[in-house]
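Model the full assembly from the supplied sequences, consistent with the hints where possible.
Counting with my numbering, you get residues -2 to 151 for the letters of the sequence shown.
Simulated from the structure, these hints should not be mistaken for lab results.
Just so you know, not all the hints are guaranteed correct.
To be verified - With a straight-line cut-off of 30 Å between C-alpha atoms, the simulated BS3-like cross-links for lysine-lysine are:
{"hint": "1", "residue 1": "74", "residue 2": "57"}
{"hint": "2", "residue 1": "74", "residue 2": "62"}
{"hint": "3", "residue 1": "74", "residue 2": "43"}
{"hint": "4", "residue 1": "43", "residue 2": "62"}
{"hint": "5", "residue 1": "57", "residue 2": "43"}
For clarity, every value in this text was computed on a predicted model and none was experimentally measured.
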Amino acid sequence: MNTHANTNPGGDGTETPRYAIDAQNVQLTYSDGTRAVNGVDIQIPKGEFFGFLGPNGAGKTTTIKTLVTLLSPTDGKITVNEFDVRTDPRAVRESVGYMAQETSVDSELTARENIRFACEAYGVPRSARGDRIDELLDLVDLADVGDKQAEEFS
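See below:
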């Protein structure tokens, strides 16, 4: 059985993706031998809402980080919106949004530097970064204070 795609119910024979996230036997073992994720299988259909529930230390955050390419699984296969997290991580990151439980802003960097870092991480071409940074600072009403350290913001 093909769990990645199903035939279009319209009958035209085209393949449509079945899962927004398809993770099979995902494992993550740290270099010290600690296994943080052990054999996780998740299939989340497109358009569905899904939440991770479990006790502290169960591996929820670590699993999510493998799904959004912040950590690389040591075994298993993950596709997100049909992109493989190992072979096409940039496409995965461009196709999802992720908000961490803790802030990911570096308080010692300026607002402009924090956005520049994100631009680099998401592959914004160097030639477009300046304009994109200005656009985003303007969007959140920080254009006039973009060169202040983030720790100065409330």
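Hints broken by the structure, by number, lowest first? Failing hints: none at all.
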